[in-house]
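Colleague: Just so you know, the protein sequences line up as chains A and B, in that order.
Here the first sequence is numbered in the numbering used here, starting from -13 and rising by one per residue.
Here the second sequence is numbered in the numbering used here, starting from -13 and rising by one per residue.
Be aware that a few hints might be false.
The list treats identical chains as one, so a pair stands whether inside a single copy or across any two.
Said to hold, decoys possible - Below are the DSBU-like pairs computed for lysine-lysine, each with C-alpha atoms no more than 30 Å apart in a straight line: (1) LYS288 / LYS28; (2) LYS4 / LYS28; (3) LYS288 / LYS4; (4) LYS383 / LYS82; (5) LYS383 / LYS85; (6) LYS4 / LYS279; (7) LYS82 / LYS387; (8) LYS387 / LYS279.
Hints were generated in silico from the structure; no laboratory data involved.
There are 2 protein chains.
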Amino acid sequence: MIEVLRDGTPEAARQIDKLLSRSEGSERVAGDVEAILRAVRKGGDSALLRYTKRFDGVSLSAGELVVSEAELADAARQVPAEISRALREAHGRIEKFHKNQVEKGFEVRSEGIRLGMRVSAVERAGVYVPGGTAAYPSSVLMNIVPARVAGVPDITVVTPPSPQGIRPEVLLAAQIAGAHRVVRAGGAQAVAALAYGTETVPRVDKIVGPGNIWVATAKRLVFGQVDIDMIAGPSEVLIIADTTADPAWVAADMLAQAEHDPMAAAVCIATDVKLGAAIAVEVEQQLGELPRKSIAGKSIRKYGTILVAQTVERAADIANGIAPEHLELFVEKPRALLPSIRNAGAVFLGQYTTESLGDYAAGPNHVLPTGGAARFSSPLGVYDFVKRTSIVEASRKGFEKIAPVVEALALAEGLDGHALAVTRRLGRRGTAASPATKSGATREKKGKSD
Amino acid sequence: MIEVLRDGTPEAARQIDKLLSRSEGSERVAGDVEAILRAVRKGGDSALLRYTKRFDGVSLSAGELVVSEAELADAARQVPAEISRALREAHGRIEKFHKNQVEKGFEVRSEGIRLGMRVSAVERAGVYVPGGTAAYPSSVLMNIVPARVAGVPDITVVTPPSPQGIRPEVLLAAQIAGAHRVVRAGGAQAVAALAYGTETVPRVDKIVGPGNIWVATAKRLVFGQVDIDMIAGPSEVLIIADTTADPAWVAADMLAQAEHDPMAAAVCIATDVKLGAAIAVEVEQQLGELPRKSIAGKSIRKYGTILVAQTVERAADIANGIAPEHLELFVEKPRALLPSIRNAGAVFLGQYTTESLGDYAAGPNHVLPTGGAARFSSPLGVYDFVKRTSIVEASRKGFEKIAPVVEALALAEGLDGHALAVTRRLGRRGTAASPATKSGATREKKGKSD
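Hey, can you work out the whole structure from these sequences and the hints?
Modeller: Here it is in structure tokens:
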């Protein structure tokens, strides 16, 4: 059973440190992944097909890489009506929420200078969808919708083939969300195909989506050549509960997190030691009833945490230090506590807002920063699929107005060429030697700290 | 002299490939940088001071790490009045532009569900300012202003000390822009101090600012623990010029780029072969007059490029493939060409809008995506110093409305624990075994492509 720890004790501090240091190393596969990336970059489709045969045990021709229209239609028919309806309803809600994230850019003018920021979608995006039991249609929606809402004109889904075929729910979700093609490829080889392009797979500008260590390492290595989303760490929930909380409901939410993965973390900060104890009992009891009790049990044993804090404000402080992916405010007045929350991926307010709502259908994205990254990262959103471009236009008058400032600063920095580009346009040709050029020699310095 | 290449020839294609593959490897210093990171993480101030002595040749006590108020005031007095005025004017324009980037977040309500996106500044930011001749006060402004406008409450500047002291212009720019402290530390050790915190240097959530290979490698290695800006590659300009362009002005702008760095690239796509030839002559001639001709000459010899394309539209196509950091539209009707530009960090329209304006004072940020990253990255901006948080609140009614969708999808994905968190709140306790649990065994699969 989870031990209830008191805030301020060394045991509590050690447990928080343990929560913050969950991670999987990627070093052990980096060499293999590099080799795969190089091979696909050079060999294109034929390398991609070779790895697909080797790792997924499926022999395909280049013509079979892209899932055909007929197969997509077939898949749609295979999905039970209830699931199909649920996917469409969830899609509608997710799309509606994300439309609020669309940015417009701006243009301002002043004294002969016209300045703007243009916001435009990236030209192509790639979405990785894991195979096997981790092929979640909800993740397909969550990764494609923000790209579509951003206006990305070309979206490629990659997902590993298996002898049983791709799950029909995944193919249906990809269609509902508006992917432009689904490619039967997975692992580092699929990431390579998206990053560099092959004869069949167009090179993309951004790759998103969860994956195993091979996929995560490949994304890390192609970053720079192409943009990527965050490398997702193990999932986590932190629940702040006061005495109004039903221990059974809190426990159910902790177990919903724990069933994801043995590395997942379910944490509760209760304001009362009896409440904490009651939650611990409920967790133990409900765990026995859970189909995925083997996975959830491992997570609960290692990372399941119940802390007791004096007040909800103190609980919020602890939460800010952890910066959890999911934060449930299971308290009497959740809105009153919200301003104290500074770091969290998504906040769920009140007893009816179980995290599951957000995982599937409330509307916000379920791809969230993990492992403390909520200090500086955001949920996946429309903003991840756009780029901004600065637009500058100076008339002669506008140019003349700021020319002296530009010349002064360029010369102060010893960049005479920058100043000269201005000077020439002013009709002067002289090269005013800059102070930095005159005295610069003594400043010239090469060293590790430059 | 730069050879004028015709679009469509193998020589032109090879030159574009060469431009796109400029980069510096970081592998050679990674081991040393890792050791520095570990030492500062463990040793704090004392490790930081030890490396400062070793690499910068300056012995400091912990009490001298932060530049004092008296020194800051001294520095402000040392800067010539003209430079000080120019810095303040530039700061005002940069701040005004960036204020347009402030995002508000949103809240929407529908049928018992209240959803929101909160936008809040990160709590602490760190700005790296290089030492020696690369200590550009304009970069200090460009890196601090977006953080301040975002509302970051604590901004630390780090810059390597030298026996001559920190440039007064840098200290003045940091004050004007509103940094909260300036720390005398540079290199990988300063990045480590920002990422992990020391007794004197607060741990930050985001590190920005340019630096040499040690700094860039350190940023890459601490990424995840803390957010970083893009790793800046060598700078580049692409100028599209039609026959209305003055070859001398085009050449001056190319040289302003080339003087940055031997790895910098100055590229012109001209619509006329005679124009291209005239620009080549001007580049050669003006190069001889440039104080930094040694640096600019190296850049021009290796990466200086003049291409001839049939039309400005074709030139725009080539530019989109290169996705340049800076793009000048030195053509008769720049506004008409703008919609054809899809990938560029900043676009400068018309003959008076030399890139230097944007480097110093027009208002937009001069920290821009390099090396083709403009396909998917943006100029440094206010959006780089904020994080978004999703807010979800369901009433009982709102919960009941979407509960069936959530249960259906959770069960379809085999995540019964997720469904149970909903079921319990509906007052039911039964564990509806999910279809995936029933049939899931055959799908279970471990492999490289999962």
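Colleague: Against each hint, give a clear statement of whether it holds in the structure.
Modeller: The hints, checked one at a time:
1. Proximity of LYS288 to LYS28 under the C-alpha cut-off of 30 Å is restricted to the inter-copy arrangement: shortest distance 26 Å between copies versus 44 Å within a copy.
2. Taking the shortest alpha-carbon separations for LYS4 and LYS28, only the inter-copy value of 18 Å comes in at or below 30 Å, while the best intra-copy value is 42 Å.
3. Taking the shortest alpha-carbon separations for LYS288 and LYS4, only the intra-copy value of 9 Å comes in at or below 30 Å, while the best inter-copy value is 52 Å.
4. Taking CA atoms no more than 30 Å apart as the test, LYS383 paired with LYS82 passes between copies only; the shortest distance there is 20 Å, against 45 Å inside one copy.
5. In this homomeric assembly, LYS383 and LYS85 come within 30 Å of each other (Cα to Cα) only across copies, at 24 Å, whereas the closest approach inside a single copy is 40 Å.
6. Taking the shortest alpha-carbon separations for LYS4 and LYS279, only the intra-copy value of 22 Å comes in at or below 30 Å, while the best inter-copy value is 56 Å.
7. Taking the shortest Cα distances, LYS82 and LYS387 sit within 30 Å of each other only across copies (16 Å), while inside one copy they are farther apart (46 Å).
8. Only between protomers do LYS387 and LYS279 lie at most 30 Å apart by alpha-carbon distance; the minimum there is 29 Å, versus 71 Å within a single protomer.
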